[in-house]
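Keeping their order, the protein sequence lines are chains A and B. If you're matching positions, the first sequence starts at 26 in the numbering used here and goes up one per residue. If you're matching positions, the second sequence starts at 20 in the numbering used here and goes up one per residue.
A portion of the hints provided could be inaccurate.
[Stated by the list, open to error] Where chain B lies over chain A, by a calculated footprint (3+ residues, C-beta under 8 Å): (1) 176 to 183; (2) 188 to 201; (3) 229 to 238; (4) 282 to 290; (5) 355 to 364.
[Unchecked claim] The following residues of chain A were derived to be distant from chain B, with all beta-carbon distances above 10 Å: (6) PRO109; (7) PHE119; (8) PRO225; (9) GLY226; (10) THR316; (11) SER419.
The hints are simulated quantities; they were obtained by calculation from the structure and are not laboratory data. Please read these numbers as outputs of a predicted model, since none were measured by experiment. Cβ atoms here follow ideal geometry from the backbone N, Cα and C, with glycine treated the same way.
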Amino acid sequence: MHCRRFVTQSQTRRAMLQSCASGFGTVALASLLNEPAFGAEATSTSETNPFAARKPHFDAQAKSVIFLYMDGGVSQVDSFDPKPRLDAENGKPFGLKIEKTQFNNIGNTLASPWKFQQYGESGIPVSDLFPHVAQHVDKLAVVRSLTSQFPEHTNANYFLHTGHGQQGRPSMGAWVGYGLGAECQDLPGFVVLNGGLIPPGGLDNFNSGFLPASFQASVLGAGDAPVANIKRAEPTADAQQRKLDLMRRLDRKLLEQTGPVDALESAIANYELASRMQMAVPQLMDLTNETEATQKAYGLQADFANTRTFGRTCLLARRMVERGVRFIELTCPGGNGDRWDQHQGLKDGHTKNALTVDQPIAALLADLTQRGLLDSTLVVWSGEFGRTPFAQGSESDGRDHNPFAFSIWMAGGGIKGGMTFGQTDEYGYKCVENRLEMHDLHATMLHLLGVDHTKQTFRFSGRDMRLTDVHGHVVNEILA
Amino acid sequence: MLKPRRLLLLIGVAVAALTAWPRERADSQESPTFDAASVEFFQSKVKPLLEARCFECHGPEAKKLKGGLSLASRADVLRGGDSGAAIVPGKPSESLLVKAINYVDFEMPPKSRLPEGEVAILSEWVKRGAPWSADKDDPARDPKLDAFPLAERKAKHWAWKPIAHVEPPKVRQPFQIDPNVNPATFRDSNAIDQFLLSKLEERGLSHAPAADRRTLLRRVYFAIVGLPPTPAEADEFVADQAPTREALARVVDRLLESPHFGERWARHWLDLVRYAETLGHEFDYPLHHAHQYRDYVIRALNADVPYDRFVVEHVAGDLLPVGWVESSRPTNQTREKLAGGSRGLDPPYVARPHPTDGYNESLLATGFWFLGEDKHAPVDAKGEQAARIDNQLDVFSKAFLGLTVACARCHDHKFDAIRTSDYYAFAGFLQSSRRQTAYLDPHGKIDAAVAELKRSRSEQSSNPKIAKTREVPSATMLIEEFTAKSFVDLQHPSAERREVNNDNSPLAPRPSPVRWFATGWAFGDGPNRHGVVHSGELALRLRGVLRSPTFTITHPQILYRLAGQNARVRLVLDGYQMMDFSGLLFNGTTFEVKTDGKWVWHRQAGDLQNHLGRRAYIELIDDGDGWIACESIWFSNGGREPTALGGEVAPLVDIPTETARIEIPEPMRAIAICDGNAVNERVFIRGSHKNLGPEVARRNLEVLDGIDQTIVDDEAGSGRLQLALRLIDAKSNPFVPRVAVNRVWHHLFGRGIVESVDNFGVLGKEPTHPELLDHLAESFVADGWSLKRLIRRIVLTNAWQQSSEPPSLELAKKTHEVDPQNLWLHRAPIHRLESEAIRDSMLLVAGHLDRKSFGPSVPVHLTSFMQGRGRPGTSGPLDGDGRRSVYTSINRNFLSPMMLAFDTPIPFTTIGRRNVSNVPAQALILMNDPFVLDMSKRWAERTLKESADFTPGQRIERLYLDALTRSPTAVEQAEALAFLQEQAKSYNLPADGWSKHAQVWTDLCHVLFNVKEFVFVK
């Protein structure tokens, strides 16, 4: 029998497999079959295996990311970027040169239906759309000068998620998993909590692109079986266990014949992970042991059904952070008009969308703070672009897409709170100060996780690909 | 055979000559002398500002000059960067630099606008003539620093070297394992072994012993047809008395003739062309008829179409003349002659008919150009076209050449001998081509019907009541002159093309004639005697499209003088086709024609005004039982129609009824490319379509064929065929054969000789066996580019037939030290099966495989996790109708989770080497997915039915043979039996009768699907 024949030589790899406590990401990393299927141990150290687990490039503030994705594009001038001039010129022809828009149906200047108030010690103005989040404004770095290169949803979504406007590149979460692995033994490292709306562009917003499938997001629904195929098919756990036992015995015999083949060994280990996941996911989703107060704070008892849905995903996000899930993205619930995409009915749509997310997000920030998790959790709130300060169409109360400037905020995980960064013109149309590219956002997020965005590369298509392509600068001004 | 069609047509639009790129400003301009005040102004105000705001990217110390622009000296400023001179002294409003700091056209500095005061200073400086300090020693940047080292790169990198002839090296070891086999029988395979053994011997290694027959058979089945052998097939092979290699050769020959060969290897190919059946983006609109391309690939592989022809058909299958005559293959000489730019096309290269249905098979290959993503309502249509062409060229250059030409879109290639101009030379071929829904004529029935219709018509006297009444419009009414054009049917290009002059119009001068292009049958042989194109003159049932030359939109409206019913017109702007799905931003570009038999003026306006300056062409579409007639097309600024021009311009011909008895079948449709007129592309500076550089002639890569190529001829259209013929010239271009044989090697050994199969460039991997690669490429070409024979040669090597298991502990230790990655193939690799092969195996084993080939795809099964816009209304069946995975539809935004989990690539670019990853989703699928459970159940039920009188032990053996091509060991038997009994007990089944219950057998079948031996091939 020669099953463990190479055991002395293959310590590095095996030790890494066992000790890196990396769960999905790195076990998968370490067990890719791209290399020859046998005898690869000796070379599979981190120097030669491009997929081997990597330490951060430097000490990281943030260990997890919660990305609150505001699908459709929140209007900056109605949320975090007040523009009195819009009130003054409401209904008048717009005062600046206008670029072509998605619907190219240009109306007049449109004032915000919401009032802004200053909050916190920082006195940062927030509109009446977000009274709850406003209470935490001293934790936020409000960036008013993010830009996109695309005025169309799908491209802008891909751009926001993958740093590139076309289908096929790895999502942020996949890059993070590729760079750092996960700290969780029994849950995926990159999870999308689907509130109901998969954004335009589809699941490829969350995919692993040219990175191995190991890094793609697991999409968790809010329903009974939150992960595909997570529910055991057998009537009893015993019946399944006997199957797995037999399978293991048969697999072991195969390994005895072939010797230690990485591919086989990791495929076997994969079942252990899958089994653990079968156990862990129901535990994760079971909110009954959360206190009444917590549930209430997150809005699980709110009158508005979408608040309850989003509240549940926010609470789940916190539970995932506690379990070491690396990258968690939340998508919006449906039924609030067309996402945040209010080409018309701005007041109604934005009101419902804000009602959906405001209380749960505020509760999440409070909860993370209270549990001491906010310092190690980067929370990012962003849509794919902003909205025009002028109306779409002559009699419309809606706004078209605006990629030239929009507001996002970040909190926790090494972010300096209570500040604004960047400025738009007097109408909130284009940036005039500290304009940021999407790549800058990505560079900064990676930086906060301890990853140098210029060094995290994957060779594909004749290039060393990066999340930030050949661009991106860390926005040092917003770091704590 | 169809005659080439010609048509005299009184419509057309002049193609505006592309304005010449302005000459670069001379940079030898002497620096004038400036007065002291100006110099002082520069020194105190301007220079500090430049240093503070600009020099980080454009200064003497800049790590890398951005945009090629240096502001370090006055000469540098005047020379400018990639976008031209930075300033025009004295003219701030014409100066790029001043525009940029005002955020017009460019936005500089990129992060934040300069304060107004600083903008004013720089404007003032330009206005004063850009004074510079007296000590003007700042040296201008040496242009040689930026010269592109093409020759050097070519000389340095292995892949540009021609294919070398290398004799197989002598080897010490006897590599013939079986002494009973005559070495001459396998001479070609032995040659490959010699190359491999020679490398092994250099390292003191040798091949592993041969794999046992059952392992070998399983391996060869998966390699060639992607399915496991049945127990009967395995028994037959084991029982074959001939030496293993001979017995295997017979199996290989049989499998290569199996229709499943094409299905297996087509899937490999589809990975290269980002094959999908929807268009992705926001709503995942359908890509109609895509499956015709998939079926083409399967048929082509099964027919062993020579690979060079396969390439030509992909690039220019639409341009191959139809002439269903078997012809000898072209010699290199004819090819050279052809590729040399002669305009005549009477080569032995003709289109290939479908083997049974006789339609133009070669045309289908060109569908690959259009299998990518497509986007509706792009705000920047030209930018979207640039993105599409980028993807097309990326796929084209990687799939066929193993080169990353698309890397040169924004700048000269960073590593390879490819210039930006090469990229735009290729882009011109696509600018000169269009997407078409091609009409195909199975069994030539439509052609026959058309011939009969014509005969029938000519027997009747021409209609006397139609008089020639066309009147010439008065010149004052004309917005732009339209001249007579000829057009040529793209599917049937003619060797000599007669230009038809129209002397009808007194309006002079006339630009040189530009062709219109027709496909299908409806538009007949040309305009009728009244100068009208008419798609209904022969029969309403005939389909056809007539396309104009490419022109530039110079006016906000277009007027059409037309009539018709159930027909359509499209104005295709910058190649934009998605108006069929969404009118947004392209309102009015397509319209229905329904005029109740009268001539009308149709005014096309809508969003056209937003597309001034764009390139466009017009399509007159008769795609149903209708007709369209068109007399003239005019540009308009919005004035009234020229109705006073003479009333009934050309009376409509009676719609024929007398020929109704002639049956005309519906044509088959396929997505394909077709030629337009020649349009060269201009360089997009830094990849931006808003910043145009010089025009580049269409040609092959400079590094292969030099800068002065005469391969295309503008009169002949795009020139894609000439390009294709240059590409397959293995003497000048080693890439096509090398890349092809390397891909085959990759699929058979799990790793290419060049591991980076899609990139033979500097950033790719070097070949492990360069001599072998050249040997394979050379023999591949010499053997008529036969993929099947190449596969056979490789599979019949001893190297391929080795065991994957280490022969002994001692040897294993040694080989592990010397060849840890098995680069030198000291044993066979172990592969995990691809997702399709896993699923197909389950279907086969379960007895549920429907072996039907071809046809529209089975809709993908939708799980509740597959959500989003464009989700199909209904889900496909869980079992995919039992069809092989290659026949399941591929919806870009709704990709099958099982396929994705096992690494079927996302269809966005060429993926010649799939990832092989390991995700819990794989285990969860095999453990719990309803499809796997369903197959387990079917397999168990089938087995019970087929082996009703078997003992449990015999039945266990049967399952093993089904799934793993081998019998269970005694221990495995015992364990399986114990497992069955345990399960039976837990289900409360009787101790003596449990073995008749499918439930317990389903459980065992399920376990066997989950064992690694099922999803791995040794």
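Status of each hint after checking the structure:
no. : hint       : in the structure
1   : 176 to 183 : holds (count 5)
2   : 188 to 201 : holds (count 4)
3   : 229 to 238 : holds (count 7)
4   : 282 to 290 : holds (count 6)
5   : 355 to 364 : violated (count 0)
6   : PRO109     : holds (21 Å)
7   : PHE119     : holds (17 Å)
8   : PRO225     : violated (4 Å)
9   : GLY226     : violated (7 Å)
10  : THR316     : holds (31 Å)
11  : SER419     : holds (16 Å)
In this structure, the earlier hints numbered 5, 8 and 9 are contradicted, and the remaining ones agree with it.
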